[in-house]
Amino acid sequence: MVFIEISDLSKAYMLGETKTVALNGVDLEINKGELVILYGPSGAGKTTLLNMIGGLDIPSSGTITVDEIPVSTLSAKWLTTYRKQKIGVVFQFFNLLSRMNTLENIEYAIDLIGVKQTDGSTSFNGKIIREKAQEYLEKVGLKDRMHHFPAQLSGGEQQRVSIARALAKEPEILLADEPTGNLDYKIGRNVLEIMEVMTGKAQNRTVIIVTHNPAICPLGDRVVRLSDGKVAENYTQKYTPAKELYW
Amino acid sequence: MAKTVKNIYRAINANKFRLLTISLVIAIGITSFNGMITAFVHMTRTYDTAFEDHNMASFTMQTANLGGSGEDAWIDYVNLTNFINEFQEQEPEQESLVKAYELRIVYNTVFEIRGEKQTGQIVAMSTLDSQGNYREQPDVNGYKILSGTPYSELSRYQNVCHIEAHLAEYWKLEPQEFIAIGDSRIPFEIVGVIGSPEFLINQGSYADIMPSPRRFGVVFLPLKAAQGLLGVEGKVNEISVLLEDGLSKNRREKIASDLKLFLETNYDLKFSAPIDIDNQPSYYLLRLDIEEAREFGIVLPIIILGMAIGGLYVLLSRMVVAERKDIGVAQALGYNRRTIILQYLGISMVIAIVGTLIGTLLGLWFLSYFSPLYVDMLSIPFTPEVTIEWPIVISGIVIGILTGLVGGYFPVRGSIQPLPAESLRFDPSLHITSGKIPLIERVLKLFKINLRATGLKLPLRNLFRSKRRTFSSVFAIIVSVSLISMAFGMIESMNESLTFYYDVSEDWDLRIDFSEIPTNTSQIARTIKQNVESVTDITYHLLSGAIVTSLESSQRKQVTVVGMNDSDGYLGHTFNFEAGDDWNPEGLVLSVPIAEALHVGLHDEVFLELPKLTKLVSTTPLRAHFELVNISFQITGIIDEFNGLVAFVGLENLITVSNFPGEPANTILLKIEDPTPERLDMIREEILAKYGYNVRNIATKAEQKGELLELMDLLYNIIYIVAIFAVILSCAIVYNTIYISLQEQQREIATLLTIGTNNRKLIRNITVENTVITLVGTVFGLIFGWIMLWFFMRVILDMEFFRIKLFISNNTIFISFIMTYIGVLIAQYFPLRRTLNLNLAEATKERVV
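Top line first, the protein sequences correspond to chains A and B.
With this note's numbering, the residue at position 149 of the first sequence is 149, and numbering never jumps.
All you need for this note's numbering is the position in the second sequence, starting with 1, plus 247.
Since the hints were made in silico from the structure, they are not lab data.
None of the hints are false.
Covered stretches of chain B, going by a simulated chain A footprint (3 or more residues, C-beta under 8 Å): (1) 701 to 710; (2) 1000 to 1013; (3) 1080 to 1088.
Mimicking DSSO-like on lysine-lysine, the simulated pairs with C-alpha atoms at most 30 Å apart in a straight line are: (4) B:K692 to A:K139; (5) B:K695 to A:K139; (6) B:K471 to B:K482; (7) B:K1092 to A:K186; (8) A:K132 to B:K1008; (9) B:K695 to A:K116; (10) A:K19 to B:K1092; (11) A:K86 to B:K1092; (12) A:K139 to B:K1092; (13) B:K1092 to A:K243; (14) B:K1008 to A:K127; (15) A:K77 to B:K1008; (16) B:K1008 to A:K116; (17) B:K1092 to A:K77; (18) B:K1008 to A:K84; (19) B:K714 to B:K695; (20) B:K572 to A:K186; (21) A:K127 to B:K695; (22) A:K19 to B:K253.
We treat Cβ as the ideally placed atom computed from N, Cα and C, and that holds for glycine.
Here chain A stands alone, though its shape is the one from the complex (with noise of 0.2 Å):
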């Protein structure tokens, strides 16, 4: 079943006083609950991509459609709800936001969205939000550092808040730019244990890894190689453990 829909999808923007394209006509499908490595070198539009698909950047031309949701075409107003409802982001640079806790980051997220009850409500009850932030911290293992702020954590374990930031909103959809880019190789590969663990199958979620490491794409149920704005190559395999990649 194909979950997102990209068609001719082209993005040029100027960069000083040179025209640059990012992307050049990609075609893609995505089946829900498909976990896709998007691979390739600096500059092949991996991110542009990425960010299309989240609702963070709008195409030059094409179009995309997630879950019949015309993306391309949604207002900014609608772009919000879209990435409020629909989307999880993980940052390269963890963004994590400076002010508040690890906790309070995490609050932040379900706050605005809620907490969907057993009776199909959703709840605001602040209690209630935080049970849930605190369920997700103890996933990632930082049940302990709850109460740290981002400058007091190590930046695994900011990737790992920002992971539970991003799923505490139970998306259909998981983006992670990067996600190892920042860290070492044990630390790197921690991060891609806790997601594959906390995006498994059972969820049925769609998850997005842009990566330009050769060594995660086992990783993916699809790999997605980009190349000057291309798709250069697109094919499914047989998911490795991240427990078994190396790099």
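Got chain A; can you put chain B on it based on the hints?
For chain B alone, kept in the frame of chain A given last:
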């Protein structure tokens, strides 16, 4: 070096708009410095030159019974000339010091101009010199002919006059017109309009709290014509002496006192105390006024340039923090600390130099308007010569550059680490986080109040994120609120004091001032009450100038003494006691400024120098010989009211100690039933028809208040400009700090938008943050506003004539907050709009602040 210049240029180009706002603040500071200080120099020089060129008297001595009759009032011109010459011969040391002297007549009288009565003074000087030859100008107290001609050789035989500029301006009088002088209304032809250094400000005496050409006009006559008019052939009543230049006040006073003693001892003449040039009312007031302008000209630029330093400090601090990694790279590449400091200091200096240049040019342009405007405001007939004062221009440039140095050097020096590694390790987004929960949040937690993450928690934390930036925003708000609250506080305080004075203290509708003192005032009052319709109550006072002396400190102060008729119940004066609680007709009630100046309090004894009748000439009007005697009074009350230089004594008590016959009074106050302007006009006509021969002035309370308000009008306009100025300045600073704040948070804002925070919530957060800053700034701003109000009104303006009760009302507090808040909202609009249009993809990757 070329690289440094290039880097400076790039940094400026990238932040040009924000840097320009600080340049403009500096420009305004330098403009006001140049404009006001130079105007002060121009005016001082102009008036000093005017006094020198026109031989302003070093001291003046008048007969003891000036304006009266008999031997104490007039002295024979020829005799006096001989006596003074004799003094000079006997005291050879003094002879060389007396450059010239002039014997004059100074006499208060009435004029009739275009059918209307006007009070004022005639000043008469001989048109002949000591050799008997015709002269155009007197030797002492000369004047400048503004229009018309000087006196001719024949003028002394003609009824001709010169009109002082203020009076001419008020009535639009021109040469060849006629005015009638004195009770007998003798017509005099105006031959010229003159400007006199003696009357630069149209001030009759210190006691005249509202100098107005309508009440006090000066007409110059040839001596002979004046003698004829007053029936005092060959007589004068004043000596004006011009001494050698450069004598100290003490020396001048010594010579004046020697001359007085000589004349009184040897020739049995009686004079009042000599008036030194420094104490001459117009000269004194003008110096006071110029001094106030000078102090204002210093204080205002200090405030503005202080703001500029604050703005520069914050801007440079943030810039250095944001570029700390680049600094680390530069250090690692081999740039030394000095070069890097120079680069940032260069930015600060360029801002300061641009501001200084704009300010200097504006100041020079402003100058050609400021001095003439000031002169025009006071109707001073001597136009200052506008020249560029290079020492002031250079001082302004130095001050401007120092502003750049001070505002730039300290933040730059403090922020550049000695080791490149420290700078390279540095993450600005972590640096600006204290890692602590603000105290206020911890306190709220004690009360089980937990702020929501998407609620007020973020804006509140943001306030404590960068204390320096928050302080800078609060500082801008403090400046705005304090200037606005000070400005409106001034207006309100003055209005309130005026309103209280006219609506509560003075409970009358019509006031009649007599030229000559009638001694049957109660009879006049009864007649008016019986015969004039609608007069429901009437009372009368005796007003005169006097000197109060403290027994303890020997301090002296000139006051207006009101002999108050204590039988009138409510009409005369309702006191606002600061000490004491009841009117005692046997005692003396002083105003607060007098009590403060004399260092006296309740129940202390003071001397009041009053005229004591020694020989009665006529009772109606009261004409007599007087001597000045010091009468001891106990202070029974100290009052805080609008009229600052005033003392009250019981009328009966005053009459007794002064030995006056009958019931003398020179002011009658009327209470009118339904005092519509038409009715008041009708009553005025009726009274003028009956007592017009002796009525100096008849005015309604509304007219008197209106006259005062008109006088205040210009001051109010200046104050409004200060308020607008304050908002603009604080907008510029707030714009900068908000811009920096948003730039610092750019990555976080982008993150918030990425995870789904909507624009409305972001705008709310930033608005809440700025609202808290505005509220905190308002509290401190009001405190500073009050201090500044006190400082300007009590220290700089020091208006002892008007005692203004200072306060800042709730309305002013509200207006100050609202005006500043609107300014803040405008200032936050542009950087916010820019932030909301962020490229999220880029901004989430950036590590800049």
